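A.B. asks: Could you build all of it, start to finish, from the sequences and the hints given here?
Just so you know, the protein sequences line up as chains A and B, in that order.
Going by my numbering, the residue at position 13 of the first sequence is 13; the numbering climbs one at a time, nothing skipped.
Throughout, my numbering is defined as the position within the second sequence, counted from one, plus 1000.
Hints were generated in silico from the structure; no laboratory data involved.
Among the hints, erroneous ones may be present.
Said to hold, decoys possible - Here are a few chain B residues that face chain A, going by a calculated C-beta distance under 10 Å: (1) D1003; (2) I1005; (3) P1044; (4) D1063; (5) K1087; (6) G1088; (7) M1089; (8) P1108; (9) Y1112; (10) R1114; (11) Y1126; (12) N1130; (13) K1131; (14) L1133; (15) V1135; (16) H1148.
Unchecked claim - Facing chain B, a subset of chain A residues (Cβ under 10 Å, in silico): (17) P46; (18) P50; (19) T52; (20) Y54; (21) G83; (22) E114; (23) I134; (24) R147; (25) T148; (26) A149; (27) A165; (28) L168; (29) T170; (30) L173; (31) D184; (32) L188.
Computed from a predicted model, the values in this text were never measured in an experiment.
Every residue, glycine too, gets a C-beta built ideally from N, C-alpha and C.
Next come the chains, spelled out residue by residue.
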Amino acid sequence: MQHEEFPSETPGPADAGRRALMQGGLVVAGGFIVGCSAAAESLAPPAHNPTTEYAFTIFATIEGVLAVGDTATGQIRAIPITGGEVKGEGIGGRVIPGGADWQRTRSDGVTEIEATYALELSDKTLVKVINRGIIVPPETGTTAYFRTAIEFAAPNGKWQWLNEAIFLCTAGLMQDRPGTVQVDVFKLV
Amino acid sequence: MPDPIRLEWLMTAEVQVLRPVQVGQIPSGFHQGVPIGEGSFAGPRLRGTVIPGSYDWQLVQPDGLARLDVSGAMLTHDGVTIRVSSKGMRHGPPAVMARLNAGEVVPPDQYYMRALARFDAPVGPYDWLNKALFVSWGERYASKVVIHYYRVL
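C.D. replies: Here you go:
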C-alpha cells in the first residue's frame, strides 16, 4: 500500500501559522484581510509543457429538450441522448441510448454541462461516462468555446487506461448530421 | 484526425504541504488529507499568494493510483480572492512511487500527476477565469508541490 509519509521534521500546521504571523504573511481575521505578504516572487514559465493526444471520437445523437426552467442559479434543461457511435484507431462501439446531457445556463451566459451515459465497446465492454464542461457563447465572428473533461469508468483489464488519465474534449453540433454532437476526445499527456 | 487541443500556460504555484491527516483505510482505498500551507503563484496575468488552510484530499486506490481532490483559495496581488478546485490523479511505476513517497527527489516526468482545475472568480478583472477549462501538472517534493496551470484553448 502506497501512501505518503513525511520526515518527522516536517512542520505541522500550527508551526506554519506562527511562521506566517512572524513573517508578516497573509493573516485573515474575521473575514477581513489585516495583513498581506509581499507580491509573489516571479516564477519562470515551466521548462516542460503538457500536450494533448487525440484518442477517439464519440458521435452522440440527441433528441428533444426537457426544460426544467429558471432556477435561482440559472436555467436548467436536459438533452436526452438517444444513441450514437464510438470511432477511433483501436477502439469502436456505440453509445447506449438513455443518457442525458444536463445543462445549466448561468447569469453570465455560460452554460455548464454534465452528460452521463454509457458506451458499449465492440468487444461488449461497458464504460460509464461523465462528461462535464462549459459552452461559452461566441463573440462576434467566432465559434463557441465548447470544452469538456470526460471521465470514464471502465472495468479492470484492456480498457482500464481510460480510468488512468485526464481526458479533454472539444464538442459541437455537427453541421452535416443534424441531431448529432461530435465529441473529440484527447488524452492529457 | 482532429488537431490536438492546445494549452496556454496560466501560472505556476509553489505551495508548502504539511503533515498529512490520515483517515486510513476506507472501503475504496487509503484516505488522507494533506494540509496546504503557505505558497505563491505567478503567471502572465495572475500573481499572488495561496490562502493557507485547505486540504489536498487523497484516495490511494488498491492499485496504487492516487485520486487528488483540492478545494482551496488564492489571493491575487491586487486583493481579489479566487476559489480554486482541482481534481486529478497521480500514478507511476511502483518503484518510482515508492521513492516519491519516501520523500526523495524524483524527476516529475517519471510519474503522471495531472488534474482538472476550476476557478471561481468574482465579477471583475479576473472573471475570464470563469469562462474556460483549466488543467494542471504537478511536481511532488517532500514538503512542497509545484503546480503548473494551463488554460484549455
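A.B. asks: When the structure is checked against the list of hints, which entries are broken? Sort them ascending.
C.D. replies: Hints 11, 21, 22 and 30 not satisfied by this model.
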